[in-house]
Structures are given as C-alpha cells and as structure tokens.
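Enquirer: Go by the hints and put chain B onto chain A.
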Amino acid sequence: MSKINLNTLRELKSSKARFFSVTLLLALAVFIFAGLKATTPDMNQTMRSEYDKTNLADAQLNNSLGFTGSEIESIQKNKNIKSVSKSFQTIAVTSNNKHAINIISNPEKLSKFTITKGREPKKDNEIILGEQLRGDYNIGQQIKIKHNDDLKQKQYKIVGFATSSVYMKKSNLGQTNLGDGQIDAFAGV
Amino acid sequence: MSEEFIRLSHVSKIYNAHQDNEVRANDDLNFNIKRGELTVIVGSSGAGKSTLLNTLGGMDSVSEGEVWVNGIDIAKFSEKKRTTYRRRDIGFVFQFYNLIPNLTALENVELANEIAKDPLDAKKAMKSVGLEKRMDNFPPQMSGGEQQRVAVARAIAKNPALLLADEPTGALDYHTGKKILKIFQDYVHDTGKNVVIVTHNSLIKPMADHVIEVVDGKIKSDVINDHKTPVEDLEW
Chain A
1 MSKINLNTLR ELKSSKARFF SVTLLLALAV FIFAGLKATT PDMNQTMRSE
51 YDKTNLADAQ LNNSLGFTGS EIESIQKNKN IKSVSKSFQT IAVTSNNKHA
101 INIISNPEKL SKFTITKGRE PKKDNEIILG EQLRGDYNIG QQIKIKHNDD
151 LKQKQYKIVG FATSSVYMKK SNLGQTNLGD GQIDAFAGV
Chain B
1 MSEEFIRLSH VSKIYNAHQD NEVRANDDLN FNIKRGELTV IVGSSGAGKS
51 TLLNTLGGMD SVSEGEVWVN GIDIAKFSEK KRTTYRRRDI GFVFQFYNLI
101 PNLTALENVE LANEIAKDPL DAKKAMKSVG LEKRMDNFPP QMSGGEQQRV
151 AVARAIAKNP ALLLADEPTG ALDYHTGKKI LKIFQDYVHD TGKNVVIVTH
201 NSLIKPMADH VIEVVDGKIK SDVINDHKTP VEDLEW
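As you go down the protein sequences, you meet chains A and B in turn. Numbering follows UniProt numbering, in which position 148 of the first sequence is assigned residue number 148; successive positions increment by one, without gaps. Numbering follows UniProt numbering, in which position 111 of the second sequence is assigned residue number 111; successive positions increment by one, without gaps.
One should not assume that every hint holds.
What the hints assert, rightly or not - Derived CB-CB ranges, DEER-like: (1) A/Asn-5 x B/Asn-21: 36 to 46 angstroms; (2) A/Phe-19 x B/Asn-113: 24 to 34 angstroms; (3) A/Asp-42 x B/Glu-114: 47 to 57 angstroms; (4) A/Asn-5 x B/Tyr-174: 38 to 48 angstroms; (5) A/Asn-44 x B/Arg-88: 52 to 62 angstroms; (6) B/Gln-141 x A/Phe-19: 18 to 28 angstroms; (7) B/Gly-130 x A/Asn-5: 25 to 35 angstroms; (8) A/Asn-5 x B/Gln-141: 21 to 31 angstroms; (9) B/Glu-114 x A/Ser-14: 15 to 25 angstroms; (10) A/Thr-23 x B/Asp-136: 25 to 35 angstroms; (11) B/Phe-96 x A/Thr-23: 42 to 52 angstroms.
These aren't lab readings, by the way, just hints derived from the structure by calculation. Bear in mind the structure is a predicted one, so any value in this text is a computation, not a measurement. Backbone N, C-alpha and C fix where the C-beta goes; we use that ideal spot for every residue, glycine too.
One chain only, chain B, in its complex shape:
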C-alpha cells in the first residue's frame, strides 16, 4: 500500500472574489495522489487544469484550501519559499517549451545542473529522450517535437520529486506525442517518482494509474486505473 504523496483539501483559486466578475478557476478541489503514480488530469479548455497544475508546481498561490505535497502544506508558503520549492522539488514541462533561444539544447538541459541539488548528467538526459545528435543545435533550429523533448530532458535532468507536464503533446503529431508519453511512462517505472500530466486528449487515459477529470473548475471524476495500457498499444 503506497503512501499518500499529494493531497488537496478544499482548494480554490478565485479571481476578483466577491465582485460581479468573480471567476472560480478551481472550485473546492479534493483529491489524493499516491507515491509513484502516473496521474493524468483531463478536461476541456478552460476547465482549470493548468491552474491546478500551477498550484501543484508552486507557480501560483491558492485562494483557499490546503495543498499537501510530501508532508508539507505548500499553500502556506511565502513567495520566497515557493521559489525554492519550485527550483528544487519540481520538474515542469510547459505547453510551449520555454527554452532559452540563445543556449544550445545541451546548455538548456545543463541549466538543471545549476538549480537542482542532485541532477542527472545532462548528456544522459538528452540520450534518454533520443536527442544525442542534436545537442549543439539552438532551439530555433529544431522542430517542435525536438524542442519539447529538450524541455522534457531539462525537467528530467533536475531529478525532481514531482514531474509536471502541461499539455506536453499539444503541439506534436501522433507518433512524436507517443514518444514523449513513453518517456513519462518509463520515468515513473524506472524511478518510482510521481508524474502528473495535464491534457485535453481523453484517449490517453488508459496509460495512467490515476485519472482525474476536471469540468468547470470542479472535479467530475477521480478514478484509479487497475488495468493500465502501455503507451505503445494505445491508438488515438
């Protein structure tokens, strides 16, 4: 019985509270994620999935509620503490890559060496995403899929306790998308660390251990998947 790694309790993110144009991006969320789970958060655009991911990753503060990650309530963190949390414990893969254009792919991944406590070798991380041959290219010289793979390598190289991915396959084709998802699947399998993927593609639900569906800022369903399908066998 693996222990609880993430617990959200009555978490809400409210913009313009108590006014006419109040927006509840996340409305009273409650769920648990166990250690070593591959979690997928699905929902259509505007459902509040990215807001939720940003909360988990320490990028945003919450308006109400408690966010317990690895035994610590990060909702109570100050700006400074949140920055340290982001830097040390989180690996983030953005939807639009966010690579540094003036640094080569390898140097982008080496960034992890400078901010993480126990990073992996940058070259090894590049190899694990299949980009040994493109280490000295600059991001503008690479295709979307390659850039996203560099972003994944950068996140993995940090060796984080929690790996978060915001629509990692959003801009990619079917085959490249599958490659990226396989990297996440292998990461959970090899290291036993948690990965949370946010996506609007509900056809990849079978690959996850845990599927959380978000509609209109609220949780619609929270399902544990007993019979996972490996990514290679998925068709969409």
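Next comes chain A alone, as it looks inside the complex:
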C-alpha cells in the first residue's frame, strides 16, 4: 500500500467516531439534496399517470347559456378533436350556507371521476361528493341545497366520495358570487 494511503488509513482508524459522525452528516446532506432533486420529476410523473388514468380533457368549453346541437356537431366534426364529452355544471350552496359546490353531471368519457368510497349516483336524487367534503359528510346522509334554477332536487342522498383530476386542490376551486365566494368542492349527479 502506498505510504499516503497507509497514512490516511491509520489516521482514520485512530479517530473512528469522528470519521463516522462526519460521514453521517455528509450522508444527511446528500439525502436532502437528492430528495429535493427527485421530487419534481416524481410529482410530474404522478400527475401524468393520474391524467392518463382519468382521461383528462385537453380543453373544456363552458357556456352559461349552453350549446346548441349544431354547435356541438361542428365541434365534433373538427378533425383536430378526437373525443367530445357533454356535461352540465352548476354552482350550488348548501342550505346551511357552509359550502358552495360545483355540481357536474357525470362526465362519462373525459375527465372521469375516480370513486374513493361508495358508488356512482344512479338515481336522480343521489349525489357523489368530492373528497374535499370527506370530513364534513357521511355516506347515507342527505345534503340540502338552496334553491338553484338548474337543479330539480332540493336535497340529495350522498352515495359516495370521489376525486377528479380537474378539481385536485383541497380548497378554493374557483370563484363564485354565491356562498362565501369560494367553491369548496365538486360533486357529481
């Protein structure tokens, strides 16, 4: 062994504890930096796979007056568009004024819901709530809605909870002039 290596080896042997502590400190620093670096691609990948799984729409057209049949046809005919899905959407406030909910009719093909508990709503008075309201309501409970021109029912039975790749945030999913100004959750009927 060359003398310089021999010298280094003997120095380390005589101060094992110090060598070990410094190594541990370095390992900690490396661990933190590696973790920070790995988080971005990790998050990107998770998002990517979630979007692919739920078939997230590339664009969403909203019109408060609705679309006519011919308008929808011309959109479907456009050769750049692969798939079109139709849905109704309205914002409702619970009767106790606590939550403003963005209620969507179940999108079947694009931007699908992922059910985390319970089942899909089958009857007209059933509703599935977003995970944002998981702590506030239970399955089987009735949720009462303040009067809304677009909704037939005044109360719905909660049959399950779901996540949507469109509404991933935990709070403030958008603005509204009902309730307290912020949309708290989405729901599907």
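Expert: Okay, now just chain B, sitting in the frame of chain A:
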C-alpha cells in the same frame, strides 16, 4: 581537477521589493561548489543561510540571479519543474525532522522508494544510521537524535545528487551530533556526491572541504579547506 557542480551568480531573494519594509534575505550571492565537496555554510541566526539552502533545494524561487546545479539553471524553473527537481535530485534533512507521525521509522524511510528514481534499500539506510533496532517504532516514540537519524536515513535512501541539511545537529547533544555529522562525512567519502550543511556552529568548520560564511544576507568569506579534520577528532 573536479568540475563545477553548483554555481550561484548574483542571486538575491528580496521580500517586499521597492517598499519601505524591503528585506533582502540573500543579497547578490556568488560562489561555486565543486563536485564531491562537503560544504558547510555558517552564519548567525537570520543571516540568510536557510534561505540559501532552500534556493539550492528548489523549495524557494529567487528574485534575481542564476542558480546552476549540474549544468541546469534552476532559477528559471516553473513551480511544476521545481517540484520534480525537489523530488528526484534533492535529499533534504530539516532542522525539525518533519517525519510523518502515523508511519513507523522504516515506513518513513520507505517513502523515498516511492518518489526517487534509484533509491537505496530502506533497511540498509536505517542500518547506516545505526537504527536497525528501531525500525518499527513511530516517531513520537523516539528521541530527538533518533528522529533526526531517521530523517537523515530518509534523505540518504533517495540516493540524491545533492544532499542538503538545515541545522541537522541543532536539537542534538554533542555525541549524537557528532554521529550525524560522521554519517554525512562518510556519505561524501563513499559516494562522491555533494553534501551542503547549514549550521551556526562554527566549530565544525574544519570537517568541511569548503566553508562559506554568510553575514546579513551577503557572503563574508568563501574558503577551501586543504587540511580537513575528521569529525571524530573535532572537539567543541
């Protein structure tokens, strides 16, 4: 007529040149050393002897002048070339030993094997300084004289063209000092290579072939000694 081995020409080492606190450690030195000479450089503390030795050994650069060693002007060397020169052609014995504390005496001498082109056997070098029994001791376990002898063995084992010693007997007693000087004397006699010893002890001047006296950075006298006295017969 032996040829010239070392020649210094108008060599100066100046710190803080052209300023108020300019210091001329070596001031316009000129001398020649022939091949195979045992040279002693004497002077009191601060005279500039160690600076001169460092110049010869490639440890320092010079501010002015030419330093010819074995036909090459080392004053013109770059850092890298000076390092190679130091490693291959010079054996240096320091005043404060500079042994590596984590290596045994034998391993310290074996260092020479790793950096010199044609080294001597480390064990033989240890024997020639009289330390066959202390080869596996670490420097902190040895006395000053023994450590200095290990340093001398390390320098000799390199088989250098030029052996330099900076106050080798500075920290040693009379008898041990004599032992060390005898090693240098025998080295010149047996190998015909040059040895330059720097010392402030002017009583050992008679053992040298060539005595150079340095005062205040300048050369005071440059004397060839025709009638040498062997170290054993010296008294101081």
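Enquirer: Take the hints in turn and mark each one as holding or not.
Expert: Verification of the hints:
Distance hint check for A/Asn-5 and B/Asn-21: the Cβ-Cβ separation is about 44 angstroms, which falls inside the suggested range of 36 to 46 angstroms. Range check, A/Phe-19 to B/Asn-113: about 28 angstroms between beta-carbon atoms, so the 24 to 34 angstroms window is met. Between A/Asp-42 and B/Glu-114 the CB atoms are about 49 angstroms apart, so this pair conforms to the stated range of 47 to 57 angstroms. Restraint check, A/Asn-5 to B/Tyr-174: a C-beta distance of roughly 40 angstroms satisfies the suggested window 38 to 48 angstroms.
Against the hinted window of 52 to 62 angstroms, the Cβ-Cβ separation of A/Asn-44 and B/Arg-88 comes to about 58 angstroms, which satisfies the hint. Here the CB-CB span from B/Gln-141 to A/Phe-19 is close to 24 angstroms, well matched to the stated 18 to 28 angstroms. Checking the proposed 25 to 35 angstroms range against B/Gly-130 and A/Asn-5 shows it holds: the Cβ atoms sit about 30 angstroms from each other. Between A/Asn-5 and B/Gln-141 the Cβ separation comes to about 22 angstroms, which falls inside the hinted range of 21 to 31 angstroms.
As the Cβ distance of B/Glu-114 to A/Ser-14 is approximately 22 angstroms, the hint placing it in 15 to 25 angstroms holds. Taking 25 to 35 angstroms as the suggested C-beta distance range, the pair A/Thr-23 and B/Asp-136 conforms, at roughly 31 angstroms. Distance hint for B/Phe-96 and A/Thr-23: a CB-CB separation of about 34 angstroms, inconsistent with the stated range 42 to 52 angstroms.
Going down the numbered hints, you'll see the structure goes against just number 11.
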